[in-house]
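Taken in order, these protein sequences are the chains called X and A.
In terms of my numbering, the first sequence opens at residue 2 and continues consecutively.
In terms of my numbering, the second sequence opens at residue 104 and continues consecutively.
The set of hints was computed from the structure by calculation and includes no laboratory data.
Check the hints yourself; a few may be wrong.
Mimicking EDC-like on lysine to aspartate or glutamate, the simulated pairs with C-alpha atoms at most 20 Å apart in a straight line are [said to hold, decoys possible]:
no.	chain 1	residue 1	chain 2	residue 2
1	X	K33	X	D13
2	A	K294	X	E260
3	A	K429	X	E170
4	A	K294	X	D115
5	X	K253	A	D415
6	A	K429	A	E332
7	A	K429	X	D13
8	A	K425	X	E15
9	A	K425	X	E156
10	X	K256	X	D243
11	A	K425	X	D13
12	A	K294	X	E252
13	A	K429	X	E252
14	A	K425	X	D243
15	A	K294	X	E249
Each pair of labels, with its calculated beta carbon distance range [unchecked claim]:
no.	chain 1	residue 1	chain 2	residue 2	range
16	A	Q118	X	T204	54 to 60 Å
17	X	A175	A	R406	48 to 54 Å
18	X	A53	A	K429	54 to 60 Å
19	A	T173	X	Q245	53 to 59 Å
20	X	E248	A	L298	49 to 55 Å
21	X	P209	A	A297	44 to 50 Å
22	A	A281	X	E261	27 to 33 Å
23	A	G117	X	R151	49 to 55 Å
24	X	A203	A	D169	48 to 54 Å
25	A	L298	X	D243	56 to 62 Å
Stretch by stretch, here's where chain A covers chain X in the computed footprint (C-beta under 8 Å, at least three residues) [to be verified]:
no.	segment
26	77-91
27	124-134
28	162-168
29	222-228
30	255-266
All C-beta atoms, glycine included, are put in the ideal place defined by N, C-alpha and C.
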Amino acid sequence: MEIVVLVKPVPDAESRLRPNAGGTELDGEGIKWVLSGYDESAVEQALLLKAAVPGSSVRCISFGPAPRTEEVLRASVALGCDRATWVERPVGMPADPLLCARVLREALRKYPHDLILAGKQAGDDEEGIVPSALAELLGVESFGSVVDLRWHAEEKRFRFQCVLDSGSEKVEAAGPLLIGLQQAWNDPRTATLPNILRSRKATIDRLPWSDVAPLLGAFSAGRTTSQRFRLPPPRTGARLIDYQSPEEAAEKLVKILREEAKVFP
Amino acid sequence: MRPSVLVVGEAVHGQLSGPSREALNVARSLAGSEGRVTGLLIGHGLAAASAEMATLGTDRVRVVEDAALTSATCSTLAAIVRAEVEGAQVSVVLLTGSVRYRELAGRLAARWDASVATGATELSPTEGGGLRVARPVFGGRATEELDLGGPRCVVALRPHAFPPASTTAPAAPVERRASPPFPTGNAPAPKVSALESTEVTGGPSLGDATIVVSGGRGLRAPENFRLVEELAASLGAAVGASRAVTDAGWRPGSYQVGQTGRSVAPQLYVAVGISGAIQHVVGMVSSRVIVAINSDAQAPIFRVADYGIVGDLFAIVPALTKEIRKVRGLS
Ligand SMILES: Cc1cc2nc3c(=O)[nH]c(=O)nc-3n(C[C@H](O)[C@H](O)[C@H](O)COP(=O)(O)OP(=O)(O)OC[C@H]3O[C@@H](n4cnc5c(N)ncnc54)[C@H](O)[C@@H]3O)c2cc1C
Numbered sequence: 002m003e004i005v006v007l008v009k010p011v012p013d014a015e016s017r018l019r020p021n022a023g024g025t026e027l028d029g030e031g032i033k034w035v036l037s038g039y040d041e042s043a044v045e046q047a048l049l050l051k052a053a054v055p056g057s058s059v060r061c062i063s064f065g066p067a068p069r070t071e072e073v074l075r076a077s078v079a080l081g082c083d084r085a086t087w088v089e090r091p092v093g094m095p096a097d098p099l100l101c102a103r104v105l106r107e108a109l110r111k112y113p114h115d116l117i118l119a120g121k122q123a124g125d126d127e128e129g130i131v132p133s134a135l136a137e138l139l140g141v142e143s144f145g146s147v148v149d150l151r152w153h154a155e156e157k158r159f160r161f162q163c164v165l166d167s168g169s170e171k172v173e174a175a176g177p178l179l180i181g182l183q184q185a186w187n188d189p190r191t192a193t194l195p196n197i198l199r200s201r202k203a204t205i206d207r208l209p210w211s212d213v214a215p216l217l218g219a220f221s222a223g224r225t226t227s228q229r230f231r232l233p234p235p236r237t238g239a240r241l242i243d244y245q246s247p248e249e250a251a252e253k254l255v256k257i258l259r260e261e262a263k264v265f266p
Numbered sequence: 104m105r106p107s108v109l110v111v112g113e114a115v116h117g118q119l120s121g122p123s124r125e126a127l128n129v130a131r132s133l134a135g136s137e138g139r140v141t142g143l144l145i146g147h148g149l150a151a152a153s154a155e156m157a158t159l160g161t162d163r164v165r166v167v168e169d170a171a172l173t174s175a176t177c178s179t180l181a182a183i184v185r186a187e188v189e190g191a192q193v194s195v196v197l198l199t200g201s202v203r204y205r206e207l208a209g210r211l212a213a214r215w216d217a218s219v220a221t222g223a224t225e226l227s228p229t230e231g232g233g234l235r236v237a238r239p240v241f242g243g244r245a246t247e248e249l250d251l252g253g254p255r256c257v258v259a260l261r262p263h264a265f266p267p268a269s270t271t272a273p274a275a276p277v278e279r280r281a282s283p284p285f286p287t288g289n290a291p292a293p294k295v296s297a298l299e300s301t302e303v304t305g306g307p308s309l310g311d312a313t314i315v316v317s318g319g320r321g322l323r324a325p326e327n328f329r330l331v332e333e334l335a336a337s338l339g340a341a342v343g344a345s346r347a348v349t350d351a352g353w354r355p356g357s358y359q360v361g362q363t364g365r366s367v368a369p370q371l372y373v374a375v376g377i378s379g380a381i382q383h384v385v386g387m388v389s390s391r392v393i394v395a396i397n398s399d400a401q402a403p404i405f406r407v408a409d410y411g412i413v414g415d416l417f418a419i420v421p422a423l424t425k426e427i428r429k430v431r432g433l434s
């Protein structure tokens with residue numbers, strides 16, 4: 002089975018977020034870039050399927066700027082992906098999910114794929130648009146928020162569950178298929194030191210922007226014309242309720258919630 | 104010129120969903136009195152939902168109804184919406200922020216060559232015929248402001264970020280549309296089972312609730328989790344949990360709030376016996392009002408909460424449940 006995993010670098014959860022003066026970008030200092038959480042699960046699931054289906058291979062692909070994109074691709078190789086493709090995105094270009102999907106479609110033309118795996122959404126922008134937009138461009142079915150993804154070789158079908166808002170659906174589908182993963186069978190593995198060292202020397206296939214842009218024609222500019230970040234006013238810390246007895250604490254809190262916060266009548 | 108807007112609503116148990124009402128409200132304020140608001144429902148058993156939609160500020164309602172559509176794939180939904188968009192001459196499509204419809208946003212935008220965003224909490228028209236959208240990112244630690252280029256935009260809204268539409272008279276006409284056959288690229292077509300409900304508590308679902316009460320390791324044992332469930336029931340709230348609870352198997356993974364669970368943004372979030380680890384906080388910090396109950400005054404949860412009670416949850420929570428039941432006339 003030929004498996005492609007879409008991966009994205011995102012700031013790790015403890016990174017300090019500080020927009021620059023115009024708000025157009027986050028200050029790079031204080032940000033540690035890591036593989037997005039759901040993408041980690043997607044890589045894990047790809048590697049589990051590879052181990053379960055003899056003759057499979059896994060290629061990870063990412064569209065993003067230097068140097069972080071190359072770093073997360075190497076991290077994915079260290080986890081066990083066989084090959085990696087980096088489509089270079091010019092620094093400072095607004096992140097446009099449809100542009101990203103179109104770029105990935107061009108990159109995918111080069112590689113056979115029975116299954117495309119992605120995280121159900123990115124850990125930073127949480128948009129969740131790229132997988133389904135890409136599936137539409139490729140003309141394949143897609144399912145998001147997927148857990149328990151299995152391959153049934155005799156029937157040549159994938160079986161999995163989609164976790165929706167109020168329940169879940171069981172799905173059976175043939176490839177090629179695009180899956181937005183919520184959870185792999187296992188917690189994502191961590192890379193071993195020898196594999197990390199080896200991944201530093203691994204070949205990363207590069208697709209420069211100057212090669213991709215002409216393929217996109219009018220779409221190369223994207224549809225998002227500007228992107229700015231702002232921080233919410235800092236939370237000042239909780240107002241603590243004074244009380245003598247649990248009943249008094251309850252009474253005071255309920256009064257505040259009704260009269261001041263107005264969260265229920 | 105005000106845009107004409109198509110709202111793709113959803114029915115849950117035959118009723119129009121809360122986020123659909125919110126989307127209709129946003130649609131009307133975008134369209135003003137010049138632009139037209141079309142409501143669209145796709146699925147099965149839509150009589151009540153479409154009748155309600157017709158009274159929520161729409162100019163017309165269209166219903167694509169077929170038993171087979173209850174388990175339609177996203178590509179089928181996208182094809183149906185695309186066909187409706189063509190006929191209705193709209194420039195903005197608004198979707199609710201449900202899991203399925205967020206997926207639909209990407210599909211539809213690709214098919215219709217539109218600009219697109221999901222999780223919007225603010226929305227306004229721009230000079231150039233596009234939209235300016237704000238959306239929380241990084242688990243609510245920052246807000247991203249995007250200018251979406253016109254003349255075609257698709258936006259999925261974040262649930263509970265906008266007030267619901269109010270009732271208008273007279274009701275708009277409801278038109279039934281035939282469900283066209285939609286071949287898929289895959290052969291054979293995917294088989295999708297009926298939805299199996301995971302609404303174990305019978306209360307609202309996590310993603311959709313206006314109030315969420317979550318419990319953490321501070322509850323000490325699975326049988327104590329009922330304290331959280333009783334508090335939630337008194338408030339008509341959904342129940343959530345920290346990963347300490349789901350990892351220990353006290354409650355299923357679908358309860359988990361946080362980085363590797365669900366992100367929620369209700370009007371009120373109550374954290375009971377939860378320390379406030381960053382991985383939990385990113386999943387709830389966008390809630391409008393946060394209340395924490397924890398015995399440790401230094402617990403980080405008090406830094407993100409608006410109101411706090413430092414104390415033993417085993418004493419506080421039952422008292423709180425009792426008080427809420429009292430003021431709500433439940434006992
Ligand atoms: C990659 C990664 C992803 C993660 N994803 C998530 C996620 O999605 N969601 C999530 O929740 N966590 C997640 N975690 C785990 C997270 O780091 C914390 O370990 C977890 O949230 C802790 O859960 P807790 O607050 O219930 O438990 P604890 O941190 O143990 O806190 C228990 C709290 O209960 C209080 N308490 C104890 N007894 C009482 C009492 N009698 N009355 C009142 N208060 C009491 C204590 O003071 C303490 O603050 C993740 C971790 C990692 C590394």
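How the hints compare with the structure:
In summary, the hint linking K33(X) to D13(X) is supported, as the alpha carbons are separated by about 6 Å, within the 20 Å threshold. Between K294(A) and E260(X) the CA atoms are separated by roughly 51 Å; this puts the pair beyond 20 Å, and the hint is violated. Under the criterion of a C-alpha separation no larger than 20 Å, the hint pairing K429(A) with E170(X) is inconsistent with the structure, at around 39 Å. Simply put, K294(A) and D115(X) have alpha-carbon atoms about 18 Å apart, close enough for the 20 Å limit, and the pair holds.
Distance hint between K253(X) and D415(A) is fulfilled; the C-alpha atoms sit about 16 Å from each other, no more than 20 Å. Under the criterion of a C-alpha separation no larger than 20 Å, the hint pairing K429(A) with E332(A) is consistent with the structure, at around 17 Å. The hinted pair formed by K429(A) and D13(X) fails the criterion: a straight-line CA distance of about 44 Å is larger than 20 Å. Pair hint K425(A) plus E15(X) does not hold up; C-alpha atoms about 38 Å apart against a cutoff of 20 Å.
Straight-line distance between C-alpha atoms of K425(A) and E156(X) comes to about 56 Å, which puts the hinted pair past the 20 Å bound. Simply put, K256(X) and D243(X) have alpha-carbon atoms about 13 Å apart, close enough for the 20 Å limit, and the pair holds. Restraint check for K425(A) and D13(X): the C-alpha separation of about 41 Å exceeds 20 Å, so the hint is violated. For the given pair, K294(A) sits about 53 Å from E252(X) by alpha-carbon distance, which is inconsistent with the 20 Å threshold.
Pair hint K429(A) plus E252(X) holds up; C-alpha atoms about 10 Å apart against a cutoff of 20 Å. Under the criterion of a C-alpha separation no larger than 20 Å, the hint pairing K425(A) with D243(X) is consistent with the structure, at around 19 Å. Between the alpha carbons of K294(A) and E249(X) the distance comes to roughly 56 Å, so the proposed pair goes past 20 Å and is violated. Distance hint check: the CB atoms of Q118(A) and T204(X) are about 56 Å apart, consistent with the given range 54 to 60 Å.
Remark: the range hint 48 to 54 Å for A175(X) to R406(A) is upheld by a beta-carbon distance near 50 Å. A53(X) and K429(A) have their C-beta atoms about 56 Å apart, which keeps the hinted 54 to 60 Å range intact. The beta-carbon spacing between T173(A) and Q245(X), approximately 55 Å, falls within the hinted interval of 53 to 59 Å. Checking the proposed 49 to 55 Å range against E248(X) and L298(A) shows it is violated: the Cβ atoms sit about 43 Å from each other.
The supplied range of 44 to 50 Å is met by P209(X) and A297(A), whose beta-carbon atoms lie about 48 Å from each other. Hint check: A281(A) to E261(X), Cβ distance near 53 Å, so the stated range 27 to 33 Å is violated. Between G117(A) and R151(X) the C-beta distance comes to about 33 Å, which lies outside the given range of 49 to 55 Å. Evaluation of the 48 to 54 Å hint for A203(X) and D169(A) yields a pass: the beta carbon distance comes to about 50 Å.
Between L298(A) and D243(X) the beta carbon distance is about 47 Å. The supplied range of 56 to 62 Å is therefore violated. Beta-carbon proximity to chain A at under 8 Å applies to 0 residues in the segment 77-91 of chain X; the threshold of 3 is not reached and the given coverage is violated. A count of 11 residues in the segment 124-134 of chain X with a Cβ less than 8 Å from any Cβ of chain A is obtained; the coverage claim is therefore met, three being the minimum. Given as covered by chain A, the segment 162-168 of chain X passes the check, having 6 residues with a CB less than 8 Å from a CB of that chain where 3 are the minimum.
Here's how the segment 222-228 of chain X fares: 5 of its residues keep a CB closer than 8 Å to some CB of chain A, so the rule of at least three is met and the hint holds. A stretch counts as covered by a chain when three or more of its residues have a beta carbon under 8 Å from one of that chain; for the segment 255-266 of chain X and chain A the count is 7, and the coverage holds.
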